[in-house]
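Asks: Going down the list, the protein sequences come from chains A and B. No gaps in the numbering here: position 126 of the first sequence is 126 in the UniProt record's numbering, and each next residue is one more. No gaps in the numbering here: position 63 of the second sequence is 63 in the UniProt record's numbering, and each next residue is one more.
Since the hints were made in silico from the structure, they are not lab data. For each residue, glycine too, the CB sits at the ideal point set by N, CA and C. Be a bit skeptical, because a hint or two may be false.
Once the Cα atoms are required to be at most 27 Å apart in a straight line, the calculated DSS-like pairs of lysine-lysine come out as [said to hold, decoys possible]:
1. 48(A) <-> 186(A)
2. 111(B) <-> 48(A)
3. 110(A) <-> 53(B)
4. 5(B) <-> 150(A)
5. 3(B) <-> 150(A)
6. 70(A) <-> 48(A)
7. 150(A) <-> 110(B)
8. 186(A) <-> 3(B)
9. 127(B) <-> 110(B)
10. 48(A) <-> 127(B)
11. 186(A) <-> 127(B)
12. 111(B) <-> 154(A)
13. 111(B) <-> 51(A)
14. 154(A) <-> 5(B)
15. 48(A) <-> 150(A)
Computed list of chain B residues with no C-beta within reach of chain A, every gap over 10 Å [said to hold, decoys possible]:
16. 6
17. 7
18. 15
19. 26
20. 38
21. 97
22. 99
23. 127
24. 151
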Amino acid sequence: MASRNVEKLDLSFSAVPDKPKKDWVIVYLRILAFLATASATLVMALNKQTKHFVVATIGTTPITVSITAKFQHTPAFIFFVIANGVASLHCLMMIGVDILGPQFDYKGLKPVLIPILDMMSLVLASAGDGAATFMSELGRNGNSHARWDKICDKFGSYCNRGGAALIASFIAIILLLIITVMSINKLKPKK
Amino acid sequence: MTKSKRVLISIILRLLAFGATVAAMVVMVTSHDSAQAFNLTFTAKYSNDPVFKYFVIAEGIASAYSLIVLLITCSQKSSLWRFILILDLVIAMLLTSSISAAAAIAHVGKKGNSHAGWLPICGQVPKFCDHVSGALVAGFIAPILYLFIVLSSMHSVITHLFL
Numbered sequence: 001m002a003s004r005n006v007e008k009l010d011l012s013f014s015a016v017p018d019k020p021k022k023d024w025v026i027v028y029l030r031i032l033a034f035l036a037t038a039s040a041t042l043v044m045a046l047n048k049q050t051k052h053f054v055v056a057t058i059g060t061t062p063i064t065v066s067i068t069a070k071f072q073h074t075p076a077f078i079f080f081v082i083a084n085g086v087a088s089l090h091c092l093m094m095i096g097v098d099i100l101g102p103q104f105d106y107k108g109l110k111p112v113l114i115p116i117l118d119m120m121s122l123v124l125a126s127a128g129d130g131a132a133t134f135m136s137e138l139g140r141n142g143n144s145h146a147r148w149d150k151i152c153d154k155f156g157s158y159c160n161r162g163g164a165a166l167i168a169s170f171i172a173i174i175l176l177l178i179i180t181v182m183s184i185n186k187l188k189p190k191k
Numbered sequence: 001m002t003k004s005k006r007v008l009i010s011i012i013l014r015l016l017a018f019g020a021t022v023a024a025m026v027v028m029v030t031s032h033d034s035a036q037a038f039n040l041t042f043t044a045k046y047s048n049d050p051v052f053k054y055f056v057i058a059e060g061i062a063s064a065y066s067l068i069v070l071l072i073t074c075s076q077k078s079s080l081w082r083f084i085l086i087l088d089l090v091i092a093m094l095l096t097s098s099i100s101a102a103a104a105i106a107h108v109g110k111k112g113n114s115h116a117g118w119l120p121i122c123g124q125v126p127k128f129c130d131h132v133s134g135a136l137v138a139g140f141i142a143p144i145l146y147l148f149i150v151l152s153s154m155h156s157v158i159t160h161l162f163l
């Protein structure tokens with residue numbers, strides 16, 4: 001009889017839905033991914049180098065031409081900046097949703113929308129990464145068949161900063177893949 | 001949606017994706033052209049540029065994966081479908097990065113880059129350029145199809161457990 005009373009008490013407690021246990025691992029991973037994508041965006045967006053070249057000498061005064069290497073010169077890097085910017089905004093939004101989330105009611109399409117959006121930003125970030133990687137490979141090694149000279153021997157620090165942005169973006173892609181797989185796992189009801 | 005309809009949609013999508021990846025690979029591999037300038041023959045092949053080699057390899061991996069998954073679609077184990085979903089994500093990432101890289105370098109080939117002093121090569125080898133554009137179109141359809149495949153895999157993984 002005492003056990004039946006305990007059972008009745010248990011039933012009344014479970015009628016009130018208790019808060020789902022918050023998964024902090026995925027929030028930490030999203031913060032890391034946000035930092036990685038934001039740093040990739042910023043490093044590439046502020047990537048600029050100016051160099052002065054002596055073109056000719058008239059008498060004793062040399063005529064110098066200053067050439068600037070900016071990220072806007074190549075559409076691949078513009079796409080890289082935009083893609084990583086969108087991915088970092090997405091990470092920020094998802095951090096907000098994860099922290100403020102349990103207050104709102106999730107029904108219908110909303111639980112599925114989070115893994116879908118994660119997947120979209122993962123795919124976008126990987127596209128931007130691929131374009132920028134091969135464009136910088138072209139800048140570093142040139143292409144003898146197409147008579148395209150390499151530019152990294154003249155603009156060394158521009159290339160190095162671009163490389164650093166690429167590494168940050170690679171880390172961001174790995175983190176985004178882990179986050180997407182974890183959020184898909186969270187979707188499924190536990191057996 | 002009944003189970004058979006879901007399996008049918010998944011099979012059709014994967015078949016289309018297999019076709020698109022194989023087409024992109026074949027068209028890119030068979031692209032070559034040569035031009036004469038001052039008694040020098042200037043040949044353009046897909047293997048001249050590492051980007052197009054990466055494109056061919058990525059499409060090859062994706063087409064082999066599509067074929068394998070098409071052959072094992074009959075199995076209904078839910079743990080297998082979870083693993084296939086993760087692999088679908090990875091392959092979708094691979095395909096989008098390969099098409100994006102190939103499109104970036106093809107853009108340099110078509111329009112050049114005046115800031116870096118790179119001249120466009122499409123004027124000298126127009127047949128090669130057209131072939132590569134065709135391969136890029138097929139390679140563009142493939143990741144879009146793969147996004148739909150991932151959505152359908154996600155749907156089947158969720159509803160499998162609800163059955």
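Asks: Which numbered hints turn out to be false for this structure?
Replies: 1, 3, 4, 5, 10, 11, 14, 21, 22 and 24
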